[in-house]
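Asks: Single-letter residue listing:
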Amino acid sequence: MTRSLKSRLSTWAVWLFLAVVLGFLYLPLFPPAIHSLQGPAVQEGGIWANYRAIADDPILVGGIWNTLLIGVLVALVTPLLSLLIAQALRAWKKPRLILGLVLLPLFIPGVSMGVATALFFRILGVDPSLLTMAMVQVLWALPFSTLVILTVMANFDDVYLEAAHMLGANRLQAFFEIELPQVYQGILGGGIFALILSFNETIRTSIVQGGENTVQTYLWSQYQQIGLNPTLFALMTLLIGLTLVLVALMAVLEMRQARMRRAG
Amino acid sequence: MTVLRRSNLLRLVVLGAPLVLVAAMILGPLAIMAAVSFWKKTGLTMKPAFTLDAYATFLGGVRFTVFLRSFWMAVSSTVIMLLIAYPVAYAVARKVRPDLTRAVLFLFSVPFLVNYILRTFSWADILGRAGAVNDALTGLGLIDAPLNWLLFSEFAIYLGLVTAYMPFMIFPIWLSLSGIDRRMQEASWMLGEGPMRTFLRVTLPLSLPGVFAAAIFGFVGAFGEFAVSSILGGTGYQLMGNSIVSALNVINYPLAAAMSSFSVLIMFGLLLAWFRLFDLRLFLGKIMGRS
Chain A
1 MTRSLKSRLS TWAVWLFLAV VLGFLYLPLF PPAIHSLQGP AVQEGGIWAN
51 YRAIADDPIL VGGIWNTLLI GVLVALVTPL LSLLIAQALR AWKKPRLILG
101 LVLLPLFIPG VSMGVATALF FRILGVDPSL LTMAMVQVLW ALPFSTLVIL
151 TVMANFDDVY LEAAHMLGAN RLQAFFEIEL PQVYQGILGG GIFALILSFN
201 ETIRTSIVQG GENTVQTYLW SQYQQIGLNP TLFALMTLLI GLTLVLVALM
251 AVLEMRQARM RRAG
Chain B
1 MTVLRRSNLL RLVVLGAPLV LVAAMILGPL AIMAAVSFWK KTGLTMKPAF
51 TLDAYATFLG GVRFTVFLRS FWMAVSSTVI MLLIAYPVAY AVARKVRPDL
101 TRAVLFLFSV PFLVNYILRT FSWADILGRA GAVNDALTGL GLIDAPLNWL
151 LFSEFAIYLG LVTAYMPFMI FPIWLSLSGI DRRMQEASWM LGEGPMRTFL
201 RVTLPLSLPG VFAAAIFGFV GAFGEFAVSS ILGGTGYQLM GNSIVSALNV
251 INYPLAAAMS SFSVLIMFGL LLAWFRLFDL RLFLGKIMGR S
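Chains as they are written, first to last, in the numbering used here: chain A, 1 to 264; chain B, 1 to 291.
Pulled out of the complex, with its shape left as it was, chain A reads as follows (with noise of 0.2 Å):
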């Protein structure tokens, strides 16, 4: 009897830590939107008006369509660079190489990646552009997409391959119509990954931006110059909420795949 009253405490102790730990982590993302319906502009022009400001801004406009673009980009390219780096990764049986080389970003602090990465276009001649922003976000992306797709590859089994061979596929053949629709979640999940990450980065995109802002870089110059307001709080709240639609989506084909693997 103490012994099951014991063992439920600890249970309930370990998840009341949990719980604080993930309160400190939730908790930040509560306030932008708490102040974007706040501030004058809201007594004045109703509960939504920080959010119309947006609009009315070209700058925070033309920022939102660098970063749609930048996303596409990034979501597009990424996944695609993972799954080739994944192939080679199987075929070529030398992953301390290749996985360190694909992780390292992850090793080294965004500000010497940027500081680095400016240098190299600088000293190759490359102006920067959007397309500079996206190639560091690619890279910056690309060990998280890579994971997701190794996990995936790997609860897929080799022998159908081999089966497909030999029953006269070549290897495209083999990939398109065997692995591909096995592992094409894992695919979609990096690209989601990736856009999530791209809409998040701000310093290594920053050293590299030029003339060009995403609304990450804008936000950080804007705080650094004359501080936030209530409508930077209501970009916020909208980058905030975007992220979490991404995580949900990421969530549900995440369940799917396990689903699959069930029955499977």
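By construction, these hints were calculated from the structure, which means they are not laboratory data. You may find that some hints are simply not true.
Pair ranges (Cβ atoms, derived) [as the list claims (entries may be wrong)]:
# : chain 1 : residue 1 : chain 2 : residue 2 : range
1 : B       : G194      : A       : T11       : 19 to 29 Å
2 : B       : A49       : A       : Q224      : 28 to 38 Å
3 : B       : K40       : A       : H165      : 51 to 61 Å
4 : A       : L16       : B       : V13       : 55 to 65 Å
5 : A       : G211      : B       : R276      : 21 to 31 Å
6 : A       : L9        : B       : F275      : 35 to 45 Å
7 : A       : L16       : B       : L137      : 20 to 30 Å
8 : B       : R102      : A       : Q225      : 37 to 47 Å
9 : B       : A31       : A       : W48       : 47 to 57 Å
Far from chain B, some chain A residues (derived; all Cβ distances over 10 Å) [claimed, not checked]:
#  : residue
10 : D57
11 : Q185
12 : E254
13 : R256
We put the CB at the ideal spot given by N, CA and C, even for glycine.
Mind docking chain B on chain A? Use the hints.
Replies: Quick look at chain B alone, frame taken from chain A:
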């Protein structure tokens, strides 16, 4: 035969080209940065040379104090992060029902995906003199005047760093904890060791590869930090990231490159230690399944 060879060549190109590209895009910038750190600053630009001027400026001036502060803040905050991340990872690996594991890990990863700069803005808001914490404390009658040390203090920096980088540290620790063969612990129990000594002598040592990986993540993040320090540290408070950005702002590229290279060198040292000290097959195997 020729068909086979051609398809092999195609495969080499299709799989090799992206790797070469990625290697060039990661190692190229690092190499150029290392080279530029030995260049000479001339007015608004720089010219190739081999001089240690930039390193002398860095190591001999006020920027070295920033380096020492960064190093200390990174070490101490990494210890704090480990003290939180380890129990979390342990609870997830051992105490949480297996069917809930993924969900709980997922919950911990969500805030990490929101730009930590936005989250740090929020902390400035919550901790300020008119912020939620001071409001609540004065409202409850616990304090008479708002606490000043909540914001623009080392406490605030630690809080910002921990919430920024700790979530990511849970995964490597969880990965190595969940890879431990349970029979090792059972063996320890059967040989008469208590739970505490079993943990200290069996579980903890076996989880060290993950702990060290997590420590590198935390350390690298905190060491190169620029946002948390400028938002929560108050006027003039600098960490390594701020110092590098300020060198960029005065267009001293060799200096920025020297400081960055120095940071990257420290990180390489840590990575090398990780590779040498631990058997990472368990770690890689977990990520890549059977192969």
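Asks: Which earlier hints can't be squared with this structure?
Replies: 5, 12
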